[in-house]
Amino acid sequence: MSEKNYIFKNARVIDPARGIDAITDVGVSDGKIADPGKVVKPEVVNLTGKVLAPGFIDLHVHLRQPGNNMAETIASGTAAAAAGGFTSIVAMPNTNPPADNAGAIEFLRQTAAHTGVVRVLPCGCMTKGYEGKEMAGIGSLKAAGVVALSDDGKCIQNHSLMRHVVEYAKSFNLPILDHCEENTLAAEGVVNEGKWSVLLGIAGISGASEELMVARNIILSRQIGWKIHMQHVSVKESVELLRNARKQGILVSGEATPHHLTLNDECIKTYDTNYKMNPPLRSEADRLALIEGIADGTITVIATDHAPHTQTSKLVEFDCAPFGIIGLETALSLCYTELVAKGVIDLPKLVKLFTTGPAEVLGFEDYSLADGNCADIVIFDPTKKYTVDADKFKSKSRNTPFNGQQVQGKVCATLVGGRMVYQEL
Amino acid sequence: MEWTRKDLLSLYDLSAEEITFILDTAEEFKKVSERKVKKVPALRGKTVVNFFVEPSTRTRVSFELAEQRLSADIVNMQAQASSLKKGETLLDTVRNIEALQVDLVVMRHSAPGAQNFIAQHLKCGVVNAGDGAHSHPTQALLDIFTIREKRGHIKGLNVTILGDILHSRVARSNMWGLLKLGANVTLAGPSTLVPREFESIGVKVCHDLKEAVSNADVVNLLRIQHERQSSGFFPSTSEYARFFGINCETVKLMKPDALIMHPGPINRDVEITSEVADGPNSVILEQVTNGLAVRMAVLFLVAGCVQK
Chain A
1 MSEKNYIFKN
11 ARVIDPARGI
21 DAITDVGVSD
31 GKIADPGKVV
41 KPEVVNLTGK
51 VLAPGFIDLH
61 VHLRQPGNNM
71 AETIASGTAA
81 AAAGGFTSIV
91 AMPNTNPPAD
101 NAGAIEFLRQ
111 TAAHTGVVRV
121 LPCGCMTKGY
131 EGKEMAGIGS
141 LKAAGVVALS
151 DDGKCIQNHS
161 LMRHVVEYAK
171 SFNLPILDHC
181 EENTLAAEGV
191 VNEGKWSVLL
201 GIAGISGASE
211 ELMVARNIIL
221 SRQIGWKIHM
231 QHVSVKESVE
241 LLRNARKQGI
251 LVSGEATPHH
261 LTLNDECIKT
271 YDTNYKMNPP
281 LRSEADRLAL
291 IEGIADGTIT
301 VIATDHAPHT
311 QTSKLVEFDC
321 APFGIIGLET
331 ALSLCYTELV
341 AKGVIDLPKL
351 VKLFTTGPAE
361 VLGFEDYSLA
371 DGNCADIVIF
381 DPTKKYTVDA
391 DKFKSKSRNT
401 PFNGQQVQGK
411 VCATLVGGRM
421 VYQEL
Chain B
1001 MEWTRKDLLS
1011 LYDLSAEEIT
1021 FILDTAEEFK
1031 KVSERKVKKV
1041 PALRGKTVVN
1051 FFVEPSTRTR
1061 VSFELAEQRL
1071 SADIVNMQAQ
1081 ASSLKKGETL
1091 LDTVRNIEAL
1101 QVDLVVMRHS
1111 APGAQNFIAQ
1121 HLKCGVVNAG
1131 DGAHSHPTQA
1141 LLDIFTIREK
1151 RGHIKGLNVT
1161 ILGDILHSRV
1171 ARSNMWGLLK
1181 LGANVTLAGP
1191 STLVPREFES
1201 IGVKVCHDLK
1211 EAVSNADVVN
1221 LLRIQHERQS
1231 SGFFPSTSEY
1241 ARFFGINCET
1251 VKLMKPDALI
1261 MHPGPINRDV
1271 EITSEVADGP
1281 NSVILEQVTN
1291 GLAVRMAVLF
1301 LVAGCVQK
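Residue numbers (the numbering used here), protein chains in the order written: chain A, 1 to 425; chain B, 1001 to 1308.
These are computed hints drawn from the structure, not numbers from a lab.
Note that CB positions come from ideal geometry on N, CA and C, so glycine has one too.
Take these hints with a grain of salt, some might be off.
[To be verified] No farther apart than 25 Å at their CA atoms in a straight line, the calculated lysine-lysine pairs in the DSS-like style are these:
#, chain 1, residue 1, chain 2, residue 2
1, B, 1180, A, 269
2, A, 50, A, 4
3, A, 269, A, 314
4, A, 384, A, 342
5, A, 9, A, 410
6, A, 41, A, 9
7, A, 396, A, 410
8, A, 247, A, 170
9, A, 269, B, 1123
10, A, 50, A, 38
11, B, 1180, A, 195
12, A, 314, B, 1123
13, B, 1123, B, 1031
14, A, 32, A, 4
15, B, 1204, A, 269
16, A, 9, A, 349
17, B, 1204, B, 1252
18, B, 1204, A, 195
[Said to hold, decoys possible] So, partial list: chain B residues that the calculated Cβ filter (under 10 Å) puts toward chain A:
#, residue
19, 1132
20, 1200
21, 1238
22, 1243
[As the list claims (entries may be wrong)] According to the in silico footprint, chain A covers these stretches of chain B (three or more CB under 8 Å from chain A):
#, segment
23, 1108-1117
24, 1186-1199
Assemble the whole structure, with the sequences as input and the hints as a guide.
Here it is in structure tokens:
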């Protein structure tokens, strides 16, 4: 593979790990970040007005392969990631069959190597078949290359088993990414339990269902001294629990999704199944609490929970539709529009939420644009306004509620290991 | 006014004027049922499919009779939501029905919003005959019709809906219709079955029976389902009857001419004693009679808006 060398000139370089936010030049040589003065035969790209940052990391992506290639494949999912500025994505293990064994991880790695365009970081199940009954072969998963463990889509209800999983995972240095949901309180719910579930007669998922498991995880994290990351935090009370726990130095962290930061449960009154996800869209008070959590540093990660589903599977009665929406290709734009354009946080902070925040959860050291590091880079135009057009998505699926929405901030290019994997310069 | 909707999905969608228009139209149709020949040619040449994806007897019979009295051609279809899930999608099923040049689909479904969903995709009219716990507009219309017939107006009346509000499409339809027409609405029953969130739309929520029925002009009772007991919403039907059932003593707390209503089927001696159900304040059977007229009116109005 012939790799080009580049000199990116005049970009606003935001490199949170090194505290850099300045107009400067960045060189790429042999796939690595290099001193622009020493790059041989570079293609010089002028990026005046654009932002250049370390490539985004998404801790929460469903690639659907194997098991549901109609909805997404590793090829299409990674192409979507590249279009969204993500250079590394953590692949959730709830595929069919699930990634609860070394063979499944090997399949993922091989397929990603052959068909993927961004780095696919495997995540293994905590329990066999993510059924919450027996511990998966965590050591073997680690040996096969997983970077974290998760039973995403489900939550281990047996607290004793969860305790043992966390203890065991600690000895293999694997962070836990947990979908926090207590099943009896979630019951048969499909939307947030609150004003809108009550008015519309749709079964609700109580916020207490999440809060209870967040509290459980904080207790276990404190007791065991190991990292538990709360996936897609959605309710105010979870944010408050996390805030207090982090103040005490407990090794917990949390992520918010772009959709929970931008939408609330009033959306469901159309019965549009693109507003059906788990956790559900919560109340406006919850949404504002998430934004506050982002602003004060309680929530350190934005993750998409990219969950592709075919149109056929979503074009059904609300009760029957699967949970989830796609998010890779709209994440930056939605968050820029909601958080930066509205002045909630500044741009370097947003970049942190997509880079050093998730890198820290995974235990990556020096996720920065320092010379010699892998040239995983995103370039975006923060001023560009456009209308979301799902038909142009690289993802195989179209299940987004944001189609047709006006947004600001667009990815222009994505480089993985110095290779341009997405370009719209 | 001129009717412009091809679908009747919920009373939430309708204006006070539209609701009143349906009630006025129903008054005319009620006269038809009192004639010797109970049939008019209003829907002659139109085809109506009664598509029930959830079992129903009274609502289906009422719709069928209404359609027959309007001279429509009718087909009845029943399906199980579970079999739909496995095979053909709901949308494909109704598109197949529509392809037979049907004018109206009267549909009942266990999933809230199912009719809203299919109506967006069909050119034929859709009348909601009940969708999960969401909406049952013709039931609410017949309830409101009955109240208006008895009282002459709706505005300012104190209407209490009592029972399992949480799982009730009847309550969710009545409250919107009544609020739009200016009634004071109280939703009452055990705290586990009457969420406080309803207060956000301007109804009163009450967990004390005496307070709920005192000074009521109308008390509309809902059926208590035994399955709610097993899922822990209340301890037993006998305890329900003791604290939330209507008997002769509770009727005394209401206005003397208060109306006792029930969408049926009633559980005698659970939510209502026989003396009250069969007593002078009860209009339960008149509701059934009025249901026919209201459904004739609805079918007639929406059929007029279906594009051919």
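Status of each hint after checking the structure:
| no. | hint | result |
| --- | --- | --- |
| 1 | B:1180 - A:269 | holds (19 Å) |
| 2 | A:50 - A:4 | holds (20 Å) |
| 3 | A:269 - A:314 | holds (16 Å) |
| 4 | A:384 - A:342 | holds (15 Å) |
| 5 | A:9 - A:410 | holds (19 Å) |
| 6 | A:41 - A:9 | holds (15 Å) |
| 7 | A:396 - A:410 | holds (20 Å) |
| 8 | A:247 - A:170 | holds (21 Å) |
| 9 | A:269 - B:1123 | holds (22 Å) |
| 10 | A:50 - A:38 | holds (23 Å) |
| 11 | B:1180 - A:195 | holds (19 Å) |
| 12 | A:314 - B:1123 | holds (21 Å) |
| 13 | B:1123 - B:1031 | violated (31 Å) |
| 14 | A:32 - A:4 | holds (11 Å) |
| 15 | B:1204 - A:269 | holds (22 Å) |
| 16 | A:9 - A:349 | holds (23 Å) |
| 17 | B:1204 - B:1252 | holds (21 Å) |
| 18 | B:1204 - A:195 | holds (14 Å) |
| 19 | 1132 | holds (6 Å) |
| 20 | 1200 | holds (5 Å) |
| 21 | 1238 | violated (26 Å) |
| 22 | 1243 | violated (22 Å) |
| 23 | 1108-1117 | holds (count 8) |
| 24 | 1186-1199 | holds (count 3) |
Hint check: violations occur at hints 13, 21, 22; the rest are consistent with the structure.
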